[in-house]
Amino acid sequence: LSPVRLKVAQCLRTLTACTHDEDIAAALHTLHSYVDEGPESFTTSVQRAEFRRAHYTRALQCLVSNVQADWLRRLAAAQRIELWDGLFLHGPPEQALLVLMEGIGSLRPSTNLDHLVSITERFLQSGRLADLLWSYCLETAPSDSPQLRETLLGRIVALPDLTANRLHPHNKPLFLPRQYYPLLASEMLTALERTCQALKDGTDCSLTFVAQTLGKVCIQGHSDVVLAVLAPRLSACTHSDMVWRRVCWKLLENVPQRWIESVLNGLVQAVSGPDAFGRIIGNLVLTNKKAQFVITHKLLLLHYKYKTQVLRIVLGYLAADRERRPLLIQVLRSVSQAWANPSAVKHTPLEQQLYVTKALLLSVNLLTDSELQELQLLQCLLGGMQSHLDSNVVQIRRVGMVVGECLSTRMDISGTKLKFEYEQDEDTRELLSLMTPAVTSDEPKASSENKTGPRSSKTDPDSDLDSDDELTPYDMSGDQEISQASPPRYLRDCLESTVTQYLTTEFYSLNYSLRQRLDILEVLALAAQELSKPITEKRDPSVGTAANTDLTLYPGDNPVHWRQVVEKRIQSNTKRLRRGATQPLAKATPNRYAPVAGHFFFPLLRNYDRPQLTFDLLGGDHLVLGRLIHTLGLFMMVRRGVLFAVCSVFLSMPSQNLLLDFSDQLFETRTWLAGKITKKNFS
1 LSPVRLKVAQ CLRTLTACTH DEDIAAALHT LHSYVDEGPE SFTTSVQRAE FRRAHYTRAL
61 QCLVSNVQAD WLRRLAAAQR IELWDGLFLH GPPEQALLVL MEGIGSLRPS TNLDHLVSIT
121 ERFLQSGRLA DLLWSYCLET APSDSPQLRE TLLGRIVALP DLTANRLHPH NKPLFLPRQY
181 YPLLASEMLT ALERTCQALK DGTDCSLTFV AQTLGKVCIQ GHSDVVLAVL APRLSACTHS
241 DMVWRRVCWK LLENVPQRWI ESVLNGLVQA VSGPDAFGRI IGNLVLTNKK AQFVITHKLL
301 LLHYKYKTQV LRIVLGYLAA DRERRPLLIQ VLRSVSQAWA NPSAVKHTPL EQQLYVTKAL
361 LLSVNLLTDS ELQELQLLQC LLGGMQSHLD SNVVQIRRVG MVVGECLSTR MDISGTKLKF
421 EYEQDEDTRE LLSLMTPAVT SDEPKASSEN KTGPRSSKTD PDSDLDSDDE LTPYDMSGDQ
481 EISQASPPRY LRDCLESTVT QYLTTEFYSL NYSLRQRLDI LEVLALAAQE LSKPITEKRD
541 PSVGTAANTD LTLYPGDNPV HWRQVVEKRI QSNTKRLRRG ATQPLAKATP NRYAPVAGHF
601 FFPLLRNYDR PQLTFDLLGG DHLVLGRLIH TLGLFMMVRR GVLFAVCSVF LSMPSQNLLL
661 DFSDQLFETR TWLAGKITKK NFS
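Per UniProt numbering: the sequence shown = residues 1 to 683.
Keep in mind the hints are simulated off the structure, nothing from the lab.
It is possible that some hints are incorrect.
Below are the EDC-like pairs computed for lysine to aspartate or glutamate, each with C-alpha atoms no more than 20 Å apart in a straight line [what the hints assert, rightly or not]:
no., residue 1, residue 2
1, Lys-250, Glu-323
2, Lys-172, Asp-161
3, Lys-172, Asp-85
4, Lys-290, Glu-253
5, Lys-307, Glu-351
6, Lys-307, Asp-425
Using the sequences and the hints, build the whole thing.
Structure representation (structure tokens):
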């Protein structure tokens, strides 16, 4: 057996069974010598390497299992910190972290648990996480299995959750997410700095574990906190150092495919601009298919929750490099197709349409005139403008108008520039601003100079020379004030117009949705039914109530005529074997619907067989066709007319011909008629 193995086994037996303080201290000194790399250590490097590789974890587990022993309490505070705590803080950090987290999860709330928590806190504060990551960068960590590495990743990333579930309200502030994840990001930066220095010194390094840690942190929802620390530092370091750029590129290349999307989503929000984004990720979009799909598709077409700055960064990143520029052309083609899709205009949320429109305008602004001409997107974009202008949503129509103006200015459509009249709002102003180039670093200085310019012009004494007080004023007594609001329409003017004629004409017009056409048919049907009802005199209940209130103020005055009182008493005391009609018969009035039935019926049949661009009754809009037939049936009472026609045919034909020619159909028709006769209503 190895001497180190025998010595470690003897020390562990002493810690487990012995009660003498001198033997305990000697055993702890022996174990501590295997992790002490100072000049005073009496162990060789080979022995220390064997201990770290094969016996360190077992030694720490023995210490945790004996944390309740009496000899630990008898140790002096300085001796316990040096020997007992030092074993956790000077050995391989990955093994120490796993043992500490295992101990915290197994111990019950007590002073022993508090002791392990304090050691874990010192472990994090002393930079041991950076040592852990750096050991994997140098590949000096023991060769572990994928399962063990996944466990270690889980402990590092989920340490706030694990400690919170165990410690509950007694959790340490350092273990909270708002402090732990920035600390983890700083430790990752330390490991990357050591990696850059090692590469400059000619030492090979691996960033696989650091990349896995970054990906796992981001996929668990902490990308904003971690990258808020990483991104500014990486952007500054890669500004003039090519080694840092290569390290960042290799870091993102090693992020697992299942986590690369969350990393890119967080990074694109944390960087300051497209240049910094390009320095950090390099040409990852060309070498990684998943990253290419995220950058060129998801961030531009699907994830519409981001701000406009994200679009500027992504599209500016694609346009900055000659090798990535073909992807920008591909992006413009896909974005224009998505923007011009009529189905997307109808069913996509307005926020997503605005987001895609911003991507379209930014892409057009980043391409040159020759590249735009090669794409030949004019026909597609004109179709998209038509789809937007045909929409019944005001915001979508405004988007189509703004895009039409911007594209006509950028693409020079036949030398003419479109101009629409619309009311500008915050969205339209933002869309128009996207066609102007981004503000450079020298812009604030220029703007500050411009701000001081008008101040000096106000104090210019020569401004009095331009006074127009001596000009003869125009006679403006007969002018009318022009108001932006539309003139009012009075109710009596609206009543004079024929509503039926207007609705039947608008039913086949453009720019109406299927829901609006169905509403037109429903209004016409209700209007016809209302006209066909007899006129009933209705009194205003408020007037009657007010009159009764006024009359009952004086109980001595009885407004009821004495004849009515006598008649009521006679009616109440008289017994009749058969009571006749007590209410007067309704007065017969002419049907108001009959003279105007043609205005309801015939205009709706005028263009039913003529398909239009947005409305085809005999094609895809068969739902409206069914409602139209139902409405026409309500107008003409078709079912009663069918009964009358069938009966007329039967009465006009000889009976022998009916039995010979329609023997099969006659029995079915007879059953149908019998069923209709039994029903009092012919609905």
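Hints, one by one, checked against the model:
no. : hint                : verdict
1   : Lys-250 <-> Glu-323 : holds (19 Å)
2   : Lys-172 <-> Asp-161 : holds (12 Å)
3   : Lys-172 <-> Asp-85  : holds (18 Å)
4   : Lys-290 <-> Glu-253 : holds (11 Å)
5   : Lys-307 <-> Glu-351 : holds (11 Å)
6   : Lys-307 <-> Asp-425 : holds (18 Å)
Against the hints set out earlier in the document, no violation occurs for any number.
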